[in-house]
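Produce the entire structure from the sequences given, and follow the hints as far as they go.
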Amino acid sequence: MTSLTPRPARRWLMVAVLAAATLVACGAATPSPTVAPRPTFDQRSVHAYPGLEERLPAAIAGRAMLRTSYGPAEDAADDALGGALAGEGRDPRLLELATASPSDDLQDLLLVAYRYPGLAGADLLSMLVALAPAGGATPSEMGGKSVTVLEDPEGSAWAYARDDVLYVIAGDGPAAEAAIAALP
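0 is the number of the first residue of the sequence shown in numbering that gives the first Met the number 0; add one for each residue after it.
Source of the hints: derived by calculation from the structure; they are not laboratory data. Certain hints may be false.
[What the hints assert, rightly or not] SDA-like, lysine to any residue: derived pairs with alpha carbons at most 25 Å apart: (1) K144 <-> S155; (2) K144 <-> G50; (3) K144 <-> E53; (4) K144 <-> S125.
Printed below as a string of structure tokens:
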């Protein structure tokens, strides 16, 4: 996945890699290359939502995953998904975020889990898809699950909704497929 620049037309895909910028600021390993917009999530606690972290796999294809979670900052509405929530009259500061990335040096994979109180993961997925440009979100199958492929000229990510969580996976094909298969 190549570097994504924060432009309005691509803000929808920025959701998929927002956590990369947050992890960079915390000094953790992230998929390369990473995005460098201003961090949107509060980094004071790297385990703000342990229950959401537990919904992410601890290991994928034998690789240990580093799991973290963050509480949103005051400017959460500036994030694409936060803006969509605000547009529906919801408080974007309630959006919960957890990430998982390999603890090794390969940096080829990033999983992001989003949860918002009272919304299903499918609701969050619908908001994300609505932000995509025409043809930028297509249904597909990967890792034995129904996913939505999020594409723009600079990269792809996969989104998967389950219960009250929206998962977004960024990485190379085989790593992403193993990650999706490892999700609940």
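Verification of the hints:
| no. | hint | result |
| --- | --- | --- |
| 1 | K144 <-> S155 | holds (17 Å) |
| 2 | K144 <-> G50 | holds (23 Å) |
| 3 | K144 <-> E53 | holds (20 Å) |
| 4 | K144 <-> S125 | holds (17 Å) |
In summary, the structure agrees with every hint in the numbered list given earlier.
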